[in-house]
Amino acid sequence: MPRRAPAPGLFCARSFWASRGVGYRCHVSAPQPELLTVTDLRVTLQTARGPADALRGISFALQRGDTVGLIGESGCGKSITALALMGLLPDGAQVSGSIRLAGQELTTLDETALCRLRGNRIGMVFQEPMTALNPLHTVGRQIAEPLRLHKGLSGTAARAEALRLLQRVQLPQAEQRLDAYPHQLSGGQRQRVVIAIALACGPDLLVADEPTTALDVTIQREVLDLIAELVAEDGMGLLLISHDLGVMAQTVQRLLVMYGGTVVESGPTAAVFERLAHPYTRGLFAARPRLGLKRGTRLATIPGRVPELADMPRGCPFAERCGLVIDACRAADPPPVPVGLAHEARCLRVDA
Amino acid sequence: MNEVLLAVDNLSKRYKLPRENLLAAAPEVQALAGVSFTLRAGKSLGVVGESGSGKSTLARLVMALEKPSTGRVVLDGLDLHALPPEALRQARSKLQMVFQDPYGSLDPRRSVGQTVAEPLAVLHGASRAEQRERAVEALDAVGLRAADLAKYPHEFSGGQRQRIAIARALITRPKLIVADEPVSALDVSVQAQVLNLMQDLQDRFGVTYLFISHDLAVVDLVCDEVIVLWQGRIVEQGPPERLFTAPEHPYTRRLLAAVPGIAGMAGMPQNVPSPLPRSP
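Top line first, the protein sequences correspond to chains A and B. Per my numbering, the very first residue in the first sequence carries number 1; after that it's consecutive. Per my numbering, the very first residue in the second sequence carries number 1; after that it's consecutive.
It should be emphasised that the hints constitute simulated quantities derived from the structure, not laboratory data. For each residue, glycine too, the CB sits at the ideal point set by N, CA and C. Keep in mind that a hint or two might mislead.
[Unchecked claim] Facing chain A, a subset of chain B residues (Cβ under 7 Å, in silico):
| no. | residue |
| --- | --- |
| 1 | E50 |
| 2 | S51 |
| 3 | S189 |
| 4 | A192 |
| 5 | Q193 |
| 6 | N196 |
| 7 | L197 |
| 8 | L201 |
| 9 | F205 |
| 10 | A217 |
| 11 | D220 |
| 12 | A258 |
[As the list claims (entries may be wrong)] Covered stretches of chain B, as calculated for chain A (at least 3 residues, CB under 8 Å):
| no. | segment |
| --- | --- |
| 13 | 149–160 |
| 14 | 221–233 |
| 15 | 244–255 |
Construct all of the structure, not just a fragment, from the sequences and the given hints.
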């Protein structure tokens, strides 16, 4: 299959920056109001070991057409952030701070209001398409469901729209596939169906949580291209969650690096990868096996392990594993330090 | 030059699919078609390819978990699939396997000690005392402590669980370890720890790896030789430094092109010196 040219400006971070010459687009100077504003979001989960602070004050903003990536390892809070946005946190979770979607506060909405939002104004794509889809219903019926529910379309109209969506996500033989069941499709095809469902109601925001982790590399590339293309066409905002630095480098404009429930570094993707201001970002980057390393090269590792949420130490969450740690790191949570245009790191030792 | 440890000769496997028509013959799928290669002792062979390319079928045949349709697997001079059952059971201590998912491959109701010592108990009928002694040895080799023997898998992180799985594989002092996507389910920093550990074990004990992965960068780092599988056939074979810089087969090129890389970005540093202390 011939590779499609990437959508200009959005798919490839490199061409995005190049097409705008020098300097990065800055959120503050943009004329339009922000689509999504998250301010000082804190989430406390009830666990067997007592309350655990899963998110400890996350702030970021996203406009239409923006692509933002959340990167980090298991337990850093990236998926909790996505669940909080969609109001899908587990029972007993306490939320403080604010999440505003186009001016509307989401943290105080009740379940009925959230149901009207999910799948309608916020589209979701999850990691494992086999579990995201219902094995007992045809693909067509599952795509039609949000259309009938949120848009009130009739059966025939919803089916026609489902067909259009399947064509839009470039599923081959879309017409026959409307009546197929998920098990009759391959992993990549199933993920295309999940994307079609997410896009059905023309959402303002697409949240994709590890959308390609379960797919083969060649399929991963096709699915990422498709997401980038659709986001560019519809002018949605994209929040992409992944642990894969390579995927991020190619897909998003801005990157938030998460660790221990906080954003430790945030900035334009190219700038983050160039500067690697936070020691954790540096550690992640160095630990990545990459093509062309000499056989037998030892990868740099980050010593220790991610601290348990329930007994997160005072101060910088990365202090215990950091080679640059000083006493001040353990005294209080480091404030964000600007290290470039729209680029900051929560680290006292950025200049070390 | 090291001696050949594993020789796979013209290996094929066909699976029968469910009958579609009562009167017609059941359709078959050719999972592996005429695969041959040799692997020298103390070296690592990488197998790359996508879902359905035959990687896992190859692993199961080499592990003698299934019979091939045609072809031979010769490990250390023994034709595995021609051995009588008892001799095959004895031969099994020479080959061990590490699986992808350290959450699924350890029994949650068995202590680490029981899990790690199980191959010894089954294959050698070793005494309790010997089992314990060897289990402590194996745990030590993977950087875990004797005190961990009494714990259960849920008390460990993903990376530690994969260490336990590796300890279980090491305990019979195998010649060959078949590792099926051993780091795919792990976080980046943990992945690095496990890859380093696997390389250390090779240096210390001279283990040979058949390393199955979809991640070309991982294979490039660990393997001396790589085979690329596509629809059950080897389409290209060679040392990684050649295969990944000058691929000849279009499929290898396509695989390489799909690898998301940061290297393509302008001004990217290729090797960043780490400020972090080396892990013990």
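**Request:** Please name the hints from earlier in the document that this structure breaks, with their numbers sorted from lowest to highest.
**Result:** 7, 8 and 9
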